[in-house]
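Trainee: This is what each chain is made of:
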Amino acid sequence: MACTKMSLAEIENSGGPSGPPKQELPVRVRKQLTDTQAAWFLLTPLLLFFVISVVYPVIETIRLSFFDIRGLAPERFDGWGNYVKLFSDPNFLSSLKVTFIWAISATFFSVSIGWGLAMMCSLNPRKTLIFRVMIFAAYGVSEAVSGFMWLGIYRPDYGLLNGILEGVGLSGWTQPWLGNPSTALGAVVIAYVWTQVGLPLMTCFASIQSIPKNLFEAAYIDGAKSGSVMRYIIAPLSLPGVRVAIFINLLNSLKAFDLIFILTGGGPVRSTETVGFFMYRESMLNFKLGYGAASTVILLIAVLVVSIPLIIKRTGDAK
Amino acid sequence: MAQEGELVMINWLGGAQGEMMTKLQESFEAKYPGVTVRNVVPQAGGDARGGIRGLLMGGEQADLLINTWPAFRAELIEAGLILPLDESYDSNNWGDQLGESWRALSRVNGENYGVTYTFGDRSGIWYRTDTMEKAGITPPTTYEDFIGGFSALNDAGITPISVPAKVWAHAEWFESLLLRTAGADYMTRLASGDASWTDDEVKVALQTWQEMLTANCCDDGNTMLALDWDISVDAALKTGDAAYVLMGMWLNTRAKQEYGDTPGEDFNIFQFPAFGLGHDDESMVDAKEFNVLSSVENREAADAFISYMLTADAAEIMAQYGLASPSTDVDPSIYDPVIQRSVSEVTSANKLQFVLGDLLPGDLGSEYRVAMQRFLQDPSDETIEAITAQLAAVANGVY
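One line per chain: the protein sequences are L and G, in this order. Mapping to this note's numbering: the first sequence position 61 is 61, numbers consecutive. Count along the second sequence from 1, add 319, and you get the number used in this note's numbering.
So here's chain L without its partners, still in its complex pose (with noise of 0.2 Å):
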């Protein structure tokens, strides 16, 4: 172990038990740098590249976020006044409240359905393959492009959805679907879940494969069919991945724009506007960047409360 805290140049120097007769390095290569120089210097461009563009945008919209500034004109010094606009603003508050819906229902469909499906798949794997593969590459497409094919599945005039509901005999379930406040969130939701539901699939997936062996072989010997098998083994012992599925799937979901662009627009009448949305029209739209940075830290807010407790817990289990 004291290997470890040995610099490159000690055990260069150090000679070593056996192995063929060193030749003489140059002087030049026998200048080693310590495990601190070698660390620091393999991580100075990643960092500087953190801080260019995750750091400094991010003081930048804490910043941004105390002044008043609508359009082009001059910005003003506002203190908490953004802040305190924001939470008597109902527009935004509507957005907080579908963010909170929106999250937890994307995140809840998405994970129990890969979950679920990564179970199933353990039963078989070999022949799984490909269907595990279709429903990841789901995952890979983009947003945008699984926008513009939901977008002609929901149509409301020759939608693929309500032409199904049609000729299966249900048109009294016809309907807009994107354009009733009422179903667009849930709409769009099933769309999101579409496009995420590949990757709870793989994590959990992965974490069922590393379950013991012995653990199926000995449940089988004793009889267990195969829904206790998924009941009483691969259910609870495949429980990190799906904390993993919940922790991506939950970032990601508050972080979701394109799909929600594409489908509603943040519409009808703001049904679907969370506070990306929010932050996007106040900012790009309206031009009101210090108003729109006050939400973003709000929602970046939001993604540390949720973040920080899980990356401690998984690096707490790590050690």
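Since the hints were made in silico from the structure, they are not lab data. For glycine and all other residues, C-beta sits at the position ideal for the given N, C-alpha and C. Among the hints, a few may not be true.
[As the list claims (entries may be wrong)] Only pairs whose alpha carbons sit at most 25 Å apart, straight line, appear in this in silico SDA-like list of lysine to any residue: (1) 255/L - 373/G; (2) 557/G - 457/G; (3) 575/G - 158/L; (4) 313/L - 211/L; (5) 97/L - 705/G.
[Stated by the list, open to error] Here are a few chain G residues that face chain L, going by a calculated C-beta distance under 7 Å: (6) 369; (7) 541; (8) 632; (9) 692.
Keeping the supplied structure of chain L fixed, place chain G upon it in accordance with the hints.
Mentor: Just chain G, lined up with the frame of chain L:
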């Protein structure tokens, strides 16, 4: 004076209009070999203003800006980013080619800040000729004829009006009704904050819209809220599932190029019906103009390009793309029958009114479109009271 050097233009036009602008620039360069046009393209999805603001805030140098939003023009003037053009109007005689109505559209506090190079008749209602034949009706000229034809259309299985209310295009009907019932002067006052959204004029226009909805003019509210503009246009000008659609002149290009239809034969327009309230000779328009940026480095080339855009040669290119020029130097016979009709209606109008939605400042513009969605979903008297009060409240915070 021989113009030379580089002319930098902030150009956000895409599709057919983007192609048209490229052709216009090439034609200009052929006439002025010493000038090279360079386009700066703002990066933005949807509303191009976000990208343009980003460029200008980032200090991008450019000579000309293509603009179609009067509210944005006001923002640029306030920020000192565009220049007044009165001197250029005089020295280049642009006033001889643009009638007073056009100059008035780009005038702010008595000074001109833009030169309109193309326009659209937004009071023109588009229809397919065979749809009207199928229902056994002719294009109406009065409101009574218009609303009276709904039953014949419905009986023929045709939705009289397709209203794409998903994002923005649904406000046109309200605005046209407001123009006919309250007039252009009132709309100007409403847009500038000098009139209130709770005025009777606004409520009368909404009540007329309510009357049309009650007379089965349209799909149910939720269906309207699910329609993108292209679906509505297809329904009216391609499939004939709907009879009328109210939108900009780009439909002419779409019908010709995408549906392969012949203007004047397969499809046409008629002017928004008359109400007999003294505002029937007023028209609503959209327009695109050039603004000269205060960062201009090649003013001579910028003025030369604007002058070129008002020539018959430029209008010839625009006509190929189904668009009209406001220049008096242009012989209307170069246009197809639909544009000729639009040009005739607009040039003979007593007053021109820019599309209201594009005149409203950002906050109010967003709230206005959502309020109109709310009205279409439930066109009741209670909704009229609620949305006018809401718009008045937002307007109070904006002006």
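Trainee: For each hint, tell me whether it holds in the structure or not.
Mentor: Verification of the hints:
no.	hint	verdict
1	255/L - 373/G	holds (22 Å)
2	557/G - 457/G	holds (19 Å)
3	575/G - 158/L	holds (23 Å)
4	313/L - 211/L	holds (21 Å)
5	97/L - 705/G	holds (22 Å)
6	369	holds (4 Å)
7	541	holds (4 Å)
8	632	violated (35 Å)
9	692	holds (5 Å)
In this structure, the one hint that does not hold is number 8.
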